[in-house]
Structure formats: C-alpha cells, structure tokens
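Make a model of the complete structure from these sequences and hints.
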Amino acid sequence: MEKVLYEYGFDLSEYLSNLIPLIVGIGFFAISISIIKTKKRGEDVRGFHPAFFKVVGFIVGPLCVLLFLISTLGMAVEHIEYKELLETNNICYVEGYVENFHPMPYEGHDTEHFEIDGIYFEYSDYEIMNGYNTTSSHGGVVTQNGQYLKIKYIVSEYDSGESRNIILYIAEIEKTQ
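Oh and the sequence shown: position 68 is 68 in the working numbering, straight run, nothing missing.
Any given hint might turn out to be false.
Unchecked claim - Pairs of lysine-lysine residues, derived as DSS-like cross-links and limited to a Cα-Cα distance of at most 30 Å, are as follows:
id, residue 1, residue 2
1, Lys175, Lys83
2, Lys175, Lys152
3, Lys3, Lys175
4, Lys152, Lys3
5, Lys152, Lys83
6, Lys150, Lys3
7, Lys37, Lys83
8, Lys150, Lys175
9, Lys83, Lys3
What the hints assert, rightly or not - Computed spacing ranges between beta-carbons, pair by pair:
id, residue 1, residue 2, range
10, Glu2, Phe101, 18 to 24 Å
11, Val4, Ile70, 19 to 25 Å
12, Glu162, Val77, 18 to 24 Å
13, Glu99, Ala76, 32 to 38 Å
In case anyone wonders, no lab produced these hints; they're calculated from the structure.
All C-beta atoms, glycine included, are put in the ideal place defined by N, C-alpha and C.
Below, the structure is given as structure tokens:
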C-alpha cells in the first residue's frame, strides 16, 4: 500500500521571500521621489543628504525590482517545467529504505540529507527552491533511517557542472510480509 506523503505543487510561501527585493526597491524609489518633491517645495530635508537618496532610489530601487522580476520569473518557469515532468511521469524514481539519514538541526546551519539505494538527496528549509525542502525538524516527512519510501525526482544540472536530485513526490510503502 502506498501512502502519499508529499507531492509537488504550487507553494505561495516559496515565492513570498522574493517580495523582499521588490519592497526594498519600491521603498527606496518612493523615498527618493519624496525627497525630490520636498526639495522642490523649498523645504529642508533632514537626515541623509538628498543626493544619497536620489542615487539609491534611482539606481538601487530599479535594480531591486529587476532582481524580483528575474527571480520570480525563473521560479515560475521552473515550476511549470517541474509540474509537466511530474504529470507526464517523465522523471526518475527510486524505491527503498532510507539510509545515512542526517537531520538538519532546528536552528539550521546545515542541510538534511539521506540516500535510497545509493541515490543521494539533500535539501534545507532555508533555501529558496522548487521541490521538496522541508526538514524533519520543521515537520518534514522523511524522518529516520529505515523508512521505506518511493521517491520521484529530477536531476537538475547547474552551470558549474554539478547536479542535484530535486524531489517531486514522496510516498511511504508498507511492506507486507
């Protein structure tokens, strides 16, 4: 019997961290416009020199917005690709016992990793990524050595030549005697 523990889908929380550069960029841009308007009215601008905020607002602001657009678009394209691969079953899979399980401490500063039948998986709660990345210390479903799991995954190749196994599906298999 197969009990599904995780199946890849859209997770808004993964995208929320991408909003940080957007908020920072819009904030800097708004502050610089406010300073320009204040200076045009002849009012005194206290604190930082107005030229500082002009530079930051009109250079750093748009760069932050561009960073937001690039990172969000990249994750969205990757999400569509992963969903299609999972739906067409055009992925790798492994079934077996969890071995060499290394949990990530609750505080972070490490990754969680394990192997099944010699296939290595590694992830962290603190990494923005598509695919499974919930560690056991934060409620993840892979919790110990000896779990018998079926995992569907893709091999993601990086420009550096390294590859990583991205988990898209986890099911626990009950072994009947």
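Just pull the numbers of the violated hints for me, sorted ascending. 7, 11
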